[in-house]
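Engineer: Sequence:
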Amino acid sequence: MNYLFTYLKGIAMGAADVVPGISGGTIAFITGIYDTLLGSIQKINPSLLGLWKREGFKAVLVHINAGFLVALFGGILTSILTLAKLISWLLVTHPIPLWAFFFGLILISVVHILKQVEHRKLSYFVFLILGIALAYCITILQPLNMQATPVNLIIAGGIAICAMILPGISGSFILLLLGIYPTILAAVKELDLGIISLFAIGAVCGLLSFSHLLAWLLKRYRDATLIFLTGLMVGTLPKIWPWKETVSWMTNSHGEQVPLLQHNLLPNQFEHVVGEPSQLFLAIICMISGVMVVWLLEKFAQND
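One gets my numbering by counting positions in the sequence shown from 1 and adding 70 to each.
Any given hint might turn out to be false.
What follows is a set of in silico ranges between Cβ atoms, one per label pair, in the way DEER data are often shown [unchecked claim]:
| hint | residue 1 | residue 2 | range |
| --- | --- | --- | --- |
| 1 | L366 | T316 | 17 to 23 angstroms |
| 2 | Q339 | V162 | 19 to 25 angstroms |
| 3 | E341 | G137 | 49 to 55 angstroms |
| 4 | L192 | L263 | 51 to 57 angstroms |
| 5 | G120 | R290 | 41 to 47 angstroms |
| 6 | K191 | Q339 | 20 to 26 angstroms |
| 7 | I271 | L192 | 30 to 36 angstroms |
| 8 | V132 | S359 | 35 to 41 angstroms |
| 9 | P116 | L147 | 24 to 30 angstroms |
| 10 | E341 | V162 | 17 to 23 angstroms |
By construction, these hints were calculated from the structure, which means they are not laboratory data.
Note that the structure is a prediction, hence the values are computed from the model and not measured.
The C-beta atom is built at its ideal place from N, Cα and C for all residues, glycine as well.
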């Protein structure tokens, strides 16, 4: 039953990772598995060979909490493979309700993480500002046009996975900045194993290396790290604001027109400038739904 719950949490993480602007790491924090995830990944290192020789393969599986990892990443993979088409469709056809839902989810997630900070010092305000500034700067960077070469796919996988396990920084958004998100999303839709495999190699390498640093920071400087991660989440909120005006467009490597520069608008401004309904009532409902999802995930994690 625990593995089933872990699998469901993986599905939630995978759904978040598909959307540019949302981090699977945020879902891991909300559901109470973040420390377990980092701890399990951290144990995957060359010392496992010695343990294998001394005590056998079963001891290795127990040491790295393999059941937990298989269930979690199985859920993430299932979610990505099944939800990629749905999320892509919603981003095009119903962007305001979708972004409103995730805006509410991230907003309440900030409160959730702050509740875990045990010692609130004035000096920690610096880490909050640094986190906000870093995330905001990332969100306003101009997208690159990285070509989908084997080396670039591996590099993109390593960079994106580091962002995916950081609450507040979206791996999908990093892929958008690199200009390679459409390639990865198309590969997932079409099950292009060549591209997926190269991306996965980079992701595994990045995950194994970055998780050690993050686990060390949370162990030695937990409160300061949590405050910084909170800042990352706050800094990404402008990126996922539902009402935007697209000022300029760019053509990606697939010949598709995608937004290059966007400005946030108030709902009434959106109707005047863009000339489309703001869907304000529906957006508010979706924001409240995002808040309720986090609340339910918290209750789910407490009862697990």
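Engineer: Would you pick out the hints that fail for this structure and give their numbers low to high?
Structural biologist: 1, 5, 6, 7
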